[in-house]
Amino acid sequence: MNEKKSVETNKRGSVLVVGGGVGAMQSALDLANSGFKVHIVQKESSIGGTMVMLDKTFPTGDCSMCMISPKMVELGRHLNIDIHTLAEVESVEGEPGNFTIKVKQKPRYVDPDKCTGCGICEEKCPKKTSSEYEQGLTVRKAIFSLFPQALPNTRAIDRDICIYFKNGKCKACEKFCDANAIDWEDTGKEFELNVGAIVLSPGLSRYDAAVRPELGFGRWPNVVSSIQFERILSASGPYQGTVMRPGDKKHPKKVAWIQCVGSRDSHNANPWCSSVCCMYATKQAMTAKDHDPDIEPTIFYMDIRAFGKDFDKYVNRAKEEYGVRYQRAMISAVREEAGSGDLIMRYAAPDGKLIDEIFDMVVLSIGFQPHAEAVEFAKTFGIELDAHHFPKTPPLMPVQTTRPGVYVTGIYQGPKDIPETVMQGSAVAGGAMALLSEARGTEVVVKEQPPEKDVTEEEPRIGVFVCHCGINIASVVDVEGVAAYAKTLPHVVYAGNDLFTCSQDSQEKMKALIAEHRLNRIVVSACSPKTHEPIFQDTMEACGLNKYLFEMANIRNQDSWVHSEIPQEATEKANELVRMAVARAATLHPLYEKQIPVNQRGLVVGGGVAGMNAALGLADQDFEVVLVEKEAELGGLANRLTATIEGADVRDYLDGLIKKVTDHPKIQVLTNALIISFTGSQGNFTTEILVGPQMVQRKIDHGAVIVATGANEYQPKEYLYGENPRVMTQLELAERLQKGEAADASRVVMIQCVGSRNEDNPNCSRICCQSAIKNALQIKKTNPEADIFILYRDIRTYGLLEDYYAEARRQGILFFPFDPEDPPVVESLEDGVQVSFKDQLLDRPLKVKADMLVLSAGMVPEDTEELSSILKLARNPEGFFMEAHVKLRPVDMATEGIFLCGTAHSPKLLSETISQAYAAAARATTFLSRTHLTLSAVTARVEGEKCASCLVCVRSCPYNVPKINEEGVSEIDAATCHGCGICAAECPAKAIQLSWYEDDQIICKVDALLEGVL
Amino acid sequence: MDIGYYPGCTLHASSSLYDVQSRRVFNEVGINLKEIEDWNCCGATSAGKVDDFLAIAMPARNIGIAEADGFSEIVIPCSACYSRTLVAQKRLEDDPLLKKEINTELTKKIQGTIKVSSILEVLLTKVASGELAEKVSQKLKGLKPVCYYGCMQTRFPYKVPVPDDVENPQGMETVLKVLGAKPLDWSYKTDCCGASAAVNDEEAALNLMARIMKDAVAREANCFVVTCPMCQLNMDSFQDQFCEKNEIKERLPVYFITEMVGLAMGVSVAELQIDRHFVESTELLKELNLI
Amino acid sequence: MTEPAREFDSENAHPMVKEVMERSQQNLLQCYQCRRCAAGCPVGEETGYITPDRLIRMIILGDRENALNNQLVWRCVSCYTCGTRCPNDIQTARITETIKKIAKENHLDPLKPKVAHFHDTFVNSGVRWGRLNEMEFMSFFELKNTLKDLKRLKFKAIYDELVAKTKLGLNMARRKRMHMGFQSAKGRNEIKQLYKKAKKKTV
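Chains as they are written, first to last, in my numbering: chain A, 435 to 1448; chain B, 4 to 294; chain C, 191 to 393.
Simulated from the structure, these hints should not be mistaken for lab results.
Incorrect hints may appear among the rest.
As the list claims (entries may be wrong) - With a straight-line cut-off of 27 Å between C-alpha atoms, the simulated DSSO-like cross-links for lysine-lysine are:
(1) Lys357(C) to Lys103(B)
(2) Lys248(B) to Lys382(C)
(3) Lys252(B) to Lys144(B)
(4) Lys111(B) to Lys386(C)
(5) Lys688(A) to Lys217(B)
Predicted model only: the values in this text are computed from it and were never measured.
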């Protein structure tokens, strides 16, 4: 773990994170895992944010809650993260490195120290109101938790509707609370925090579709908002995952989505693009069809903004495999058909005809907008907002605000999806870490443990603790009976039961019992190990017991909750589960988590904007960095860029960046360098490099790697490129514009998606729409009368870039969509290039004689075939590196200790690259900030003598861990093993055992279960 | 109290019943509608298609008159006149040069400060104060109207302060609820009846009117309630025609809001001139025992 | 695509866009072809599917011929639905109103002469007496229509119109909706002065 330091500095080693969504969580975890104390101040009664309301996430279709609750649990248990819910910041004073924050916490009326989260109060409360979490589709109680997996799980009382607060009656919650946790006298509290940096991640509010009564929201029962539809899809939602329409609970067949509700709209709505709605509508359409194959989804849209990594592939899947119909036409009004509750919508078909179509249900894809209190919020923190009330951030450093020491992240900074939010969460952590690096470790809490007892010589002495869990288990299962039964099992020397085994007092009791009965194995029969195992393991360690001498029987989720109608059978099953657990406990032996030293040096591969920023991100925190660049110069693709669309000068920025990097005492720059070999594992890598024209061989030892190999502009083969000098790419155009050439161009045609979104490269290159508009606006500056035609498939000016699209149109730049099956045709003329295309709106052909034809050529990744095999990193079919998890680990590679950033990951803007670079540095810091890494003890081991070198384990491991060693047998490096157990299961010779899940440890459970049967 | 009153050309002609009803009904709740002196035609929707300057100048003159006559508020029952006057006022506010230009030809100069109100706005103040409810002597039970607002009451060609929701106005519903009727929500509240197209582009207009009728019938409404005399005339005088053309058997009377208010206050059919409708409008009232 | 491709011609396009934008006060360049106006236009089906967004495109491309005289320009009833819901705040009904005027100034034969006659007669009557007299106005309106139809030898049309309007008239008389009186405003001179001023104004 991190060591606590005492250091002479004015800077605080703690950070305030305002907000509780996935962005805030990522920031908090990265900071806390790098030696900083984190205070989370969250307005709601639980953390979670928007992500916990979603059913599935795109583009993987993963269950949202399943992905985020482990992060929530990790956060909740983290020693160095304090979560303050129902809290808001009142004032901020001080300077970067040392801020004084006044926090006001609203009363919860439930004591979190006493509450065990059993939920009986909520069950018994008689007062109902509309549920905000379920978006009005069902009700919640006056005492409630926001959602079942809320953290903290402590209930809260809604004072405004509580019967006791309104007229002094009821108090049902208090009556039924076994833990005596209701506190009517709670007045909340005010307190001060002293932190070094502030991260603002309060998220955004959603557009209220009721502002557009013509769309029928709040008027026609079968028109729902997209967030309501998420709840409808969710298995834990009001309809338990059955897709029904609210009006009459019928199963809808034809479901329509209307995009851009509240976004891209100057009329009682917001002019920006909300970035995620095209993708989430696609996801909802596919998920709905998964739930009910009869559903026929139609999405009414203007542009499909599938600009992220693999998003176009996802949309193509929706079209081809799921039959989702995409109709490029917006809807003026949604009319209800009298009597049936069905909805009639009229739209313009591509041939111009107006079609009336009836749908069973309509989903409005609502967008994001700043919270109502956005202005006061910004004032409290002393930051400036832009015209749209988003925080003002410099174009090339999107997480900084106008006040030093205060950072912004997540959708609060601008609409974005979950991977970008997670990336930015890490990026701000990096920013804060750089600011406070000298104070690292000064405020962390480190666990003190007594020395471990040696129990290897002892017979197993098992203690069984059966839990009532309030009435969650006890109302179905005869808990005392189970405890009595447990006493009869072999090796059990103590069996007892508790009301709440996880509660503080039960832990104390457990410690006393361990000492009294000299217990050396613990079995807890209660709830899920996923959430509570670490609590009991902590208690064991506090008594000097190895934490792997623990087993849990889940008699709640797997028993009382699912067999509540048959208590007798449920009790029998509980007995069986306990028997199995006891049998296994007897086989457990202590396991030791290895500690490996960390080489606190980082290696950055690639000297472009991404690599340089990542290097600085590490070096500014005082870590040594070696930056390896294969070309002679630093800068990468940015060397060819001129200015960003916001007008920031890229050359200036790049020069400054290169100087910072080359002057930095902690960064060693190796140019003309080629990596030839790579070995080791997290914390201890060794890389061999050939440097310089002389090919001098260097060996670098380092603890982490950041891959930032970048990308290039696609060289077009189509549209007369290379044959006619009037045909050029956007980069070439920008260069010419900067030099003052091409100023007399009076008629320009631009063709989008060249080299992207086709068979060879199915993905979007993301930057081309804004790049075309940027250059078009530049041309208009010098020649306002110029005619510029942009031929596109979808205009993807997402987020706050939408303003530039509007500006482009305002200035008379013309936009014409084309279908990939009917692309523009170009012909060389003597004094120009003739471009012929179809004007889809007027359904007639048009031709333009252009002075210049500019191709928006996409991005292709740098050729990393060799590098990827040396580093053993996976790439997708287009050549971009594959991250560990698309959504929640967007800068991590599957191999621990290796990180990714920049266009090597996927095409992105300069500002997004910089953000991701900081994120990679922050993530790498979670490694490099420790002198030692503790590895999990749950790893696989090969018994060399049994190994036949069949290579089954090598092939089946998803993490490429087993290797054939010098002796010709498989060897598994405990440092990189993830403990999934696949190799152990696959090995035909049974030569591999997974610690803590060894064969006898599993088989004994089966034997115990089938005792007396066979 | 006295309020300035601009009837407009049609309330002195084919929709004179609306004028009679308005005066009578407002009188009951203590408002004296004082017709402003020597008002002129507002130009309706035609002026905008012929000349933009005139389209502002014509209704603007009436603002000058009303202000000079000493009124702080002027109520305009006809939706088109209301729309044109409100737009003119806002245009003059945003363009002082234009105001000056128009004022040079007028004896009663425009200040532009008067409150231009729709008939619903004024009625709603009486709803809010409870005075309307007091005057209700019989509840309009059994009446299931659909409230038809049309275009001019809700949508404007210029950014003006709109007193009701543009897409789902509730003014008539609010008044009708106080009167004891049960207005139904429907999908064609603010759709266009065709307006002047009824006489210059009949095919198109009849189709529009038929669509409106179909939804009202499907909702099982038993009448329309309107505020616009053009919509009233169209939906009323052409109902046989567009219904026959589209095979709609039902006929729904088209009442002015003032007829409803008057009925609830116990004013007679004769006084309200409800017998001047094209579609038989008294049978329903007899059935519901309202007359 | 059987139609020959039109060549984009900025000589026509630029001035047309400028003129329409200035006179209608609508920033039609802002359109991003979302098709919302098309879906909401009540006369969309009657115009041969010339919808507001298509009209805008015609203007932008400088297609004077089609932009100045098409079904939408004349059938648009100024219901303002397009502009009320347009995310770019383009009130196309103002554009059709503007084009009606431009077409007249260019002496183009309106596709729907009755519509043109109606609005011209309405305003003339309103200005002439200061207030509109329905009988007087309708008579002039029908006169204009009849004359036009006579010129085109459309005798059936004249007959049909006569029958329809007589029916309407009788119906109105029966319901006592026919106004037999005569109304005028003394201040009509002020209106006439303003009218003169309007005519003098350069577009």
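Verification of the hints:
Proposed proximity of Lys357(C) and Lys103(B) is contradicted: the alpha carbons are some 47 Å apart, above 27 Å. In summary, the hint linking Lys248(B) to Lys382(C) is not supported, as the alpha carbons are separated by about 43 Å, beyond the 27 Å threshold. Proximity of Lys252(B) to Lys144(B) is assessed by CA-CA distance (about 24 Å); at most 27 Å being required, the pair is judged to hold. Annotation: proposed proximity of Lys111(B) to Lys386(C) holds, straight-line Cα distance about 19 Å (limit 27 Å).
Between Lys688(A) and Lys217(B) the CA atoms are separated by roughly 24 Å; this keeps the pair inside 27 Å, and the hint holds.
Of the numbered hints listed earlier, those contradicted by the structure are 1 and 2.
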